[in-house]
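J.: Each chain is listed here by its residues.
There are 2 protein chains.
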Amino acid sequence: MGERGIGNCIGVVGLGLMGSSIIVSFLRAGYRVIALTPLLEELEIGTIRIREQLDLCAKMGLLPEKVDFFFDRYEVTADYGLLQQCGLVVECVIEIETIKKQVYELVEDHVFENTVIATNTSAIPISNLQKYLKYPQRFMGIHWAEPAYATRFLEITCGAATSVIIAEMIRDEAENWGKEPTLLYKDIRGFITNRLMYAVYREGFALINKGCISMAGLDKCFQHDMGAWVTLMGIFRRMDFMGLQDYLKTYHHLFPKLSNRQDVPQQMEEILEKGGRGIHNLTGLYPHTEDSVRKLEQDFSNFNEEIYHLSDRYRKKLNDLNL
Amino acid sequence: MGERGIGNCIGVVGLGLMGSSIIVSFLRAGYRVIALTPLLEELEIGTIRIREQLDLCAKMGLLPEKVDFFFDRYEVTADYGLLQQCGLVVECVIEIETIKKQVYELVEDHVFENTVIATNTSAIPISNLQKYLKYPQRFMGIHWAEPAYATRFLEITCGAATSVIIAEMIRDEAENWGKEPTLLYKDIRGFITNRLMYAVYREGFALINKGCISMAGLDKCFQHDMGAWVTLMGIFRRMDFMGLQDYLKTYHHLFPKLSNRQDVPQQMEEILEKGGRGIHNLTGLYPHTEDSVRKLEQDFSNFNEEIYHLSDRYRKKLNDLNL
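Sequence lines, in order, name chains A and B. Quick note on numbering: UniProt numbering labels position 299 of the first sequence as 299, and the sequence is numbered without any gaps. Quick note on numbering: UniProt numbering labels position 139 of the second sequence as 139, and the sequence is numbered without any gaps.
One chain only, chain A, in its complex shape:
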């Protein structure tokens, strides 16, 4: 390994939407990338996807060089042998355990013993996948948000057999990826943000189903209350900001009232039973039309760009406060 701990070359296996946007985030950060697809039919479409995402990234003003500069800094290939030069290999293939197992075997056959291997899974526990590794201590989860090149979020998750030292090295390295990496020392289901969000869903559905508020009303509340501060300070720093003294009383009277239900909310079950895929097949919790979906997607793309730049202006200052 070079000075950077993982050297200057990173391998990414799997060139779906997520894989290609992860590749672009590494290119943006100055790495060379071996873009490997085990699917021959993905070689061509993968190349196109990376170009498209590079263009999007450039359009947002996030590339330190012109797009052309990056064209010879990645190689799209089906040859696992090229991974040998990589200090880190990130697996982004389909969420099927047997396929991931095959990928790890092939990767381990071709890389050095100290090459770090990571999975982008959000569905399978890291400790389960880790069992397929010959050298499991160098294996961990690295979980991006979409689009990977224009989001700060990054969860690095240790499996039961992961070396914490190696995971901390990757976390420190990830600071150079334009990320705000966080390290999960234990491989908990759902990682962090999913756990927190499901706690919100549970309480949210309970309030809706008690007739306290409509779904659109609840969304509005959260958008305009939490939305006004969470990007700046998270939830616990917000408590300090508000002064703490009212929380204890509220804890005492509110905690016993929160929903502890374990069953799936009925309206979710019904929508999913009829094959609901939200905006993707116009069947979801809200009514959607092709037109409204197009607008929402465009809005999100624009909003994401704006909030990314907005949070960037504050995060450096806030990181100083974290010391």
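Certain hints may be false.
The list cannot tell twin chains apart, which means a pair is met if one copy fits it or any two copies do.
To be verified - List of simulated lysine-lysine pairs, DSS-like, C-alpha gap at most 25 Å: (1) Lys210 with Lys257; (2) Lys274 with Lys186; (3) Lys59 with Lys134; (4) Lys134 with Lys186; (5) Lys66 with Lys186; (6) Lys101 with Lys186; (7) Lys257 with Lys131; (8) Lys131 with Lys101; (9) Lys66 with Lys257; (10) Lys186 with Lys131; (11) Lys59 with Lys295; (12) Lys134 with Lys295; (13) Lys257 with Lys186; (14) Lys249 with Lys101; (15) Lys249 with Lys66; (16) Lys274 with Lys59; (17) Lys249 with Lys274; (18) Lys101 with Lys134; (19) Lys249 with Lys186; (20) Lys186 with Lys59; (21) Lys210 with Lys186; (22) Lys295 with Lys257; (23) Lys295 with Lys210; (24) Lys274 with Lys131; (25) Lys249 with Lys131; (26) Lys257 with Lys59.
I should point out that these hints are in silico values taken from the structure, not numbers from a laboratory.
Could you slot chain B onto chain A? The hints should help.
T.: Here is chain B on its own, set in the frame of chain A:
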């Protein structure tokens, strides 16, 4: 009442920070305001506070007219008789039930039977306070976020005896206040966002106390994951956006694992026992210094202004989608 349902004049009782920023939000929206303080010593400081907040509001570009224009559109007084001209009176006094009771009695002695009376309480159930009213059907909670003139959040809460028709009229009226009002049909403890946030705190503390992640790490996750979309779409529209299909499986395996604890997290209890008031006495969940607090407050003031304008550019489009 005039065409607007509550006429053009609103009374606000209590000129603390919150009261004065609520007054400014009404002035901004074009109402005349009777700013009433039951505390003689607050008459002068209340006037100064309103001026200061008008200036801040103007600085953000939120006033439709020059500051001077508003100077004769409000009257600071200790005379409850002036409330007679108000179609709505909002109580913002200290969170002590006996004091609020006195205020309601005085207000009801001076206003018409159909004048709407609201409380800004976040601590006392609306149904409890409602008992002190002669005409309880016209009483409800209206809950702002600070600073009231530069936030969209507004929860309108029915008590057990509130007329839903009157509450809906106030909700519709509040659309003209530059707000995104939501109506809670039932008077639940903590209202909506507090309930949702305490569900997050419960799970968050559980994860921290299990050694999964640090507090700063958890905040970072939430800031950069949720922060990247919540202002745009809330939580349930986000589910539709992501496509729903993965949620059912996650529900099944995650719900049984979420924390159901009812006790106050130990670190909260410890800090509060030693009188911790977060940034206000430099004793909180995070370390703070006078310098870091000054920076955080300045950052929040700037951030709030930016996110307010940012969300404004999207909310109109999104409201169209809500139809």
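J.: Run every hint past the structure and note whether it holds.
T.: Now for the hints, and whether the structure bears them out:
Both within a single protomer and between protomers do lysine 210 and lysine 257 lie at most 25 Å apart by alpha-carbon distance, with minima of 13 Å and 23 Å respectively. Taking the closest pair of Cα atoms, lysine 274 and lysine 186 never come within 25 Å of each other, the shortest separation being 36 Å inside a single copy and 31 Å across copies. Proximity of lysine 59 to lysine 134 under the C-alpha cut-off of 25 Å is found in neither arrangement, the shortest distances being 42 Å within a copy and 62 Å between copies. When the C-alpha separation of lysine 134 and lysine 186 is checked against a cutoff of 25 Å, the pair qualifies only within one copy, where the shortest distance is 21 Å, while the shortest distance between copies is 57 Å.
In this assembly of identical chains, lysine 66 and lysine 186 lie within 25 Å of each other by CA distance neither inside one copy nor across copies; the values are 40 Å within and 57 Å between. Within a single copy, lysine 101 and lysine 186 get their C-alpha atoms as close as 21 Å, which meets the 25 Å cut-off; across copies the closest is 52 Å, which misses it. When the C-alpha separation of lysine 257 and lysine 131 is checked against a cutoff of 25 Å, the pair qualifies only between copies, where the shortest distance is 23 Å, while the shortest distance within a copy is 41 Å. Taking identical chains as interchangeable, the C-alpha atoms of lysine 131 and lysine 101 lie at most 25 Å apart only when both belong to the same chain, with a minimum of 9 Å there against 66 Å between chains.
Within a single copy, lysine 66 and lysine 257 get their C-alpha atoms no closer than 56 Å, and across copies no closer than 47 Å, so neither meets the 25 Å cut-off. For the homomeric pair lysine 186 and lysine 131, the shortest alpha-carbon distance inside one copy (16 Å) is at most 25 Å, but the shortest distance between copies (51 Å) is not. When the C-alpha separation of lysine 59 and lysine 295 is checked against a cutoff of 25 Å, the pair qualifies only within one copy, where the shortest distance is 19 Å, while the shortest distance between copies is 32 Å. For the homomeric pair lysine 134 and lysine 295, neither the shortest alpha-carbon distance inside one copy (48 Å) nor that between copies (49 Å) is at most 25 Å.
When the C-alpha separation of lysine 257 and lysine 186 is checked against a cutoff of 25 Å, the pair qualifies only between copies, where the shortest distance is 14 Å, while the shortest distance within a copy is 29 Å. Taking the closest pair of Cα atoms, lysine 249 and lysine 101 come within 25 Å of each other only across two copies (22 Å); inside a single copy the shortest separation is 50 Å, beyond that limit. When the C-alpha separation of lysine 249 and lysine 66 is checked against a cutoff of 25 Å, the pair qualifies neither within a copy, at 56 Å, nor between copies, at 43 Å. Taking the closest pair of Cα atoms, lysine 274 and lysine 59 never come within 25 Å of each other, the shortest separation being 39 Å inside a single copy and 52 Å across copies.
Taking identical chains as interchangeable, the C-alpha atoms of lysine 249 and lysine 274 lie at most 25 Å apart only when they sit on different chains, with a minimum of 15 Å there against 44 Å within one chain. In this assembly of identical chains, lysine 101 and lysine 134 lie within 25 Å of each other by CA distance solely inside one copy; the values are 11 Å within and 72 Å between copies. When the C-alpha separation of lysine 249 and lysine 186 is checked against a cutoff of 25 Å, the pair qualifies only between copies, where the shortest distance is 21 Å, while the shortest distance within a copy is 31 Å. Proximity of lysine 186 and lysine 59 under a CA criterion of 25 Å is satisfied in neither setting, with 38 Å inside one chain copy and 47 Å between copies.
Taking the shortest alpha-carbon separations for lysine 210 and lysine 186, only the inter-copy value of 9 Å comes in at or below 25 Å, while the best intra-copy value is 35 Å. Taking the shortest alpha-carbon separations for lysine 295 and lysine 257, neither the intra-copy value of 38 Å nor the inter-copy value of 37 Å comes in at or below 25 Å. In the homo-oligomer, the alpha carbons of lysine 295 and lysine 210 never lie at most 25 Å apart, since the shortest distance is 32 Å inside one protomer and 42 Å across protomers. Neither within a single protomer nor between protomers do lysine 274 and lysine 131 lie at most 25 Å apart by alpha-carbon distance, with minima of 36 Å and 47 Å respectively.
For the homomeric pair lysine 249 and lysine 131, the shortest alpha-carbon distance between copies (23 Å) is at most 25 Å, but the shortest distance inside one copy (46 Å) is not. In this homomeric assembly, lysine 257 and lysine 59 never come within 25 Å of each other (Cα to Cα): the closest approach is 48 Å inside a single copy and 42 Å across copies.
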